[in-house]
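From first to last, the protein sequence lines are chains V, E and S.
Under my numbering, the residue at position 177 of the first sequence is numbered 177, and the numbers go up by one with no gaps.
With the second sequence counted from 1, adding 1000 to any position gets you my numbering.
With the third sequence counted from 1, adding 2000 to any position gets you my numbering.
Just so you know, the hints here were simulated from the structure itself, not pulled from any lab data.
Each residue gets a CB set at the ideal place from its N, CA and C atoms; glycine is no exception.
It is possible that some hints are incorrect.
[What the hints assert, rightly or not] Calculated pairs, BS3-like style, for lysine-lysine (alpha carbon to alpha carbon, straight line, at most 30 Å):
hint, chain 1, residue 1, chain 2, residue 2
1, V, K258, E, K1120
2, E, K1356, V, K254
3, E, K1305, E, K1356
4, E, K1016, E, K1285
5, S, K2170, V, K240
6, E, K1149, E, K1162
[To be verified] Just so you have them, the derived chain E footprint on chain V, three or more residues with Cβ under 8 Å:
hint, segment
7, 223-237
8, 242-250
[Unchecked claim] DEER-style ranges, computed between Cβ atoms:
hint, chain 1, residue 1, chain 2, residue 2, range
9, E, M1146, V, L114, 38 to 46 Å
10, E, S1143, V, V325, 47 to 55 Å
11, V, A177, S, R2263, 22 to 30 Å
12, S, R2263, V, V325, 28 to 36 Å
13, S, Y2221, E, P1066, 21 to 29 Å
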Amino acid sequence: MNFFNYIIRRVLLLIVVLIGVTLIIFALLTLFSPEQRASAFIKDIKQLSDINSIIKTYGLDKPVYVQYYNWLRQIFRGNFGWSTTVSRTVLDAFRFFLPNTVELAIFSAPLIILGGIWLGTLSAVHRDKPVDHFSRFLAIVGWSLPTFWFGLILLMVFYGYFRGLFPPEILGYEAQAYVGSAEFVRYTKINTIDALLNGKLWIFVDAIRHLVLPVITLTVIQIALVMRIMRSSMLEALGKGYVLTARAKGAAPKTVIKRHARRNALIPVVTVSGWLFAQLMVGVVITETIFNRKGLGWWWAHAATQLDIPAVLMAVMFNGVLFVVTNLIVDILYAYIDPRVRLG
Amino acid sequence: MAAQNKDTILDINELKVNFYTYEGVVKAIDDIGFDLSAGDTLGIVGETGCGKSVTVLSVLGLILPPGKIESGDIVYRWRGEEKNLAHQSGEFLRTIRGNEISMIFQEAGNALNPVLSVEKQVSESFLLHRQGELCEEVLEKISRSMEGKRGVRRLVLRCQRKTYNRKLRKARTNSLKYGRYGRLLKNEATKRTVSLLGNLGIANPSEVIHRYPHELSGGMQQRVVISMALACNPSILIADEPTSNLDVTIQAQILSLIEELKEKYRSSILFITHDLGVVSEVSDKVIVLYAGTLVEYAHVRELFKHPLHPYTEALLNSVPMLGKEGRLESIKGNVPNLVNPPSGCRFHPRCPHAMKICTEKKPPQYEVRSHEGGEHLVACFLYRNEKQQR
Amino acid sequence: MNFIKKRRIVIDFEQHPRLKEFQFSFHKILKNPLSLTGLALIFVFFMIAVFAPIIAQPQYEHEPFRIPHEGYSVIPSPPGPGHPFGTTTKQYDIFYGVIWGTRTAFRIGFMVVGSILIIGVIIGSISGYFGGIVDEVLMRIVDIFMSLPLFILAMALVTALGRSLDNIMKSLIIVGWPIYARTIRSSILTLREEDFVKAAKALGAGTLKIIFKHVLPNAIYPVLILASLDIGAMVLTAAALSFLGLGAQEGYADWGQMVSLARNYIVGPQGQPFLYWYVVTIPGLFILFFVLGCNLLGDALRDIFDRKLRRK
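Isolated chain V (complex conformation) (with noise of 0.2 Å):
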């Protein structure tokens, strides 16, 4: 099997994983009253006052096949409905939330995947030694803190202590103000991204301020997972008979390291990355309601609390298709890197 049939074979398993995730998306429809679910049809919140003939229309009466058929149908066409804690229509409310979110994404992945690396690395080459000790034992706080609670003691020493040095929201109130006005263009939506390319370094600098604490807070607990990984499976590698032959020709331990065992090491981590999206979306959940930036988590932490079924549907769909396709994305990365997988 090479390459490519590899490549169709897990295309189909995301169909099929895909078709379940909308099961139990539905699933959780159904435990909700039809007047409930009226709200997930709907593209306008002056619908609502018709209850019944929303219930007629789409048949929230009728048997759950025909309700699945039917709920299928309004979301292919885009439809997933009104939420209610922002007032507008879920696709709207995902499109205006989706930039926030994505600078936080694009801050701290590379962090802790780097990060993760470099620290896992270190630590099995110098392994029983005081930095391996120091930096198991963080990455063992790190892994065990609070989210929310971490989050909230960086706020409370920096932003409260060092008054304001590095604040929560996303940005000051003059920064706000200028990229709401007309001589800023947005072009992608992302404040960071944006500032730059307007040539405005002040603001720049003023949404780094801001992305500073929430960055950390999600790093440090994710960095933990990835340091693990890399740490076992760097060890597992160093006691290989490629690296003793590697040695036995005459290789200086750096190219050891480097070449030959972390290549390998790696190959695991690789496949924690997909995980690690995943998780990373957890994460802005918790911290983006902290820090008061508006982004999907933000939002879908509201609805929660809110009972604003379609904008919780929302997060589970959107979790459910990013993570299978980031694995999907992780398989092939892994089918390049390691010629065995390809194989079969």
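Based on the hints, put chains E and S in the right spot on chain V.
Then chains E and S, alone, in the frame of chain V:
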């Protein structure tokens, strides 16, 4: 061993290696000493765990903590120079490893890196130790291609030449770092790889180099491993059970290949195995190890025809041989725990001829009169009336 | 002369290799400083949970988990007489809350993990041992569940079921078992092909006997390690959900809930930023140390049971 032969290329004396583990100090090698003469194949025989691998790994300084070479000398003699490898720095040892002394391992599949192509792995040997030559070849190529070129092309080539001259300066001391090799250098190394693989009996080497280890058969993998080891014409080749995992036909091929190469490259070989049949075929001389001690040394015919040490005798009796009749005997007892090895001679608990002195003192090596020629040494008190060696 | 030897009951470790292994493991736990810390932490929390009624006497007879509060003032008051850790918004006593919150934490951790362990092992074992279409179907279901992050799915479920601590636990159970099924299934698949199982079959052992005596004892290790780490993870997830407001109602002794109460009092007024430090720091520290203890132990267990690292 006997008086130092001017032919001796490796001279090991009183080697002691310990492993410091959770369960105690494992006295893996207890006072082993032997010589390797230039052009010889020295077979190292013994059961699993008797210290064969540890001995040869210490030659190359590849013992990692918790292991440690406690004491002893490993004197390497080549081209009039003499160096005690047990006392050398890691840096120095790296110039020897894979270059003047090479090693091949048991499981070829495990010895090869699964994510690197054959080309990358074999070229590495050249790139590590033949940097100067490769640079010179590249420079020559550049100079040649510069003739008859004008303008931009000539300029580009001059830049390249400058770059490689710089590399050459570093390369003379073999300190060109990995990652700075450059494409042209790697291409030269690949050329050498292709011809090397061809010499080792691999068909279509220019195709094979792009393959990955798991795509090759066991015999092919072993050939690749051997080519990595022989790339730089080592004077000593250490083979740690290279054929133990192969089936018999491939085994025969590999063994004859090694013979061929030994002739061609004029190397000496330290051949480790537990298979007596293989020993008898490849070796000129043989040493027998038991539980980290050396019990017997002789020329191969002498050892097989006149084994003197009770352990050697027992070993030979446990293997079927042409012309021998009767039952196969197994050696009673178990291999000893090396954290608390038996006192005195380590074989005494299993020895049918054990005497009181065997439990008290370690037997020194006694030189015995040999029938088939060459030296014959036994570490056994049964022969204590003979001339004592070490 | 006759020597009458007294009969002693001696556990001869050489005769019982499994006991010897157990003793070896136990020693390793005690030797490693990190795992020892973990063990100590969990022990301390366990004691707190057990002696909760004595350490912090319940004010409401039949509802020990209701935190007593004197008054309704929103502003927290600092530690002082009668309130060793101070009070949070609406004057809930922090000390009481964190002490009884320990019981809640243990309840969450062990009930959730216990349930998903059992469910997961049963499903995974069936799937792994019998294979075929059963395996395919079950594993597709597992795949589907595992393609949704635990937290998000639990969040959605709690929204649907209604907010309460019990619903959080139910949601976590519904969402948490797949990974156990998959883990034990892969262990079983690996072990099924191992020589010792084939040998047992060749010697005539029946299917059930093989599962229980040979396969399961070996397959269970990765799952146990997973469980020990999951206890902490589940407590964290439940705390996060409570923090968002999806958990127990206000005034219930639950750590996450208590941090949620502190939301408006993180940073003090100008010039006194740490004025209300105790509202957020103390419950959070309890969470941190509890989860830390679980993770240290779980990590140590993993290192101990990893066959390759076991005898260094």
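Status of each hint after checking the structure:
Only pairs whose Cα atoms come within 30 Å are accepted, and K258 of chain V paired with K1120 of chain E is accepted, the gap being roughly 14 Å. Annotation: proposed proximity of K1356 of chain E to K254 of chain V is violated, straight-line Cα distance about 53 Å (limit 30 Å). Note on K1305 of chain E and K1356 of chain E: the hinted pairing holds, with a Cα-Cα distance of about 28 Å set against a maximum of 30 Å. The straight-line distance between the Cα atoms of K1016 of chain E and K1285 of chain E is roughly 23 Å, inside the 30 Å bound, and the hint therefore holds.
With a C-alpha separation of about 44 Å, the suggested pair K2170 of chain S and K240 of chain V falls outside the 30 Å cut-off, and the hint is violated. Only pairs whose Cα atoms come within 30 Å are accepted, and K1149 of chain E paired with K1162 of chain E is accepted, the gap being roughly 17 Å. Remark: the segment 223-237 of chain V is not confirmed as covered by chain E, as 0 of its residues place a Cβ nearer than 8 Å to a Cβ of that chain, below the required three. Chain E is given as covering the segment 242-250 of chain V, and this holds because 8 residues of the stretch bring a CB closer than 8 Å to a CB of that chain, at least three being needed.
Separated by about 43 Å at the C-beta atoms, M1146 of chain E and L114 of chain V satisfy the suggested range of 38 to 46 Å. The given range of 47 to 55 Å is respected by S1143 of chain E and V325 of chain V, whose C-beta atoms sit roughly 54 Å from each other. Taking 22 to 30 Å as the suggested C-beta distance range, the pair A177 of chain V and R2263 of chain S conforms, at roughly 27 Å. With their beta carbons about 34 Å apart, R2263 of chain S and V325 of chain V fall inside the hinted range of 28 to 36 Å.
In this structure, Y2221 of chain S and P1066 of chain E meet the distance hint of 21 to 29 Å, their C-beta atoms being roughly 26 Å apart.
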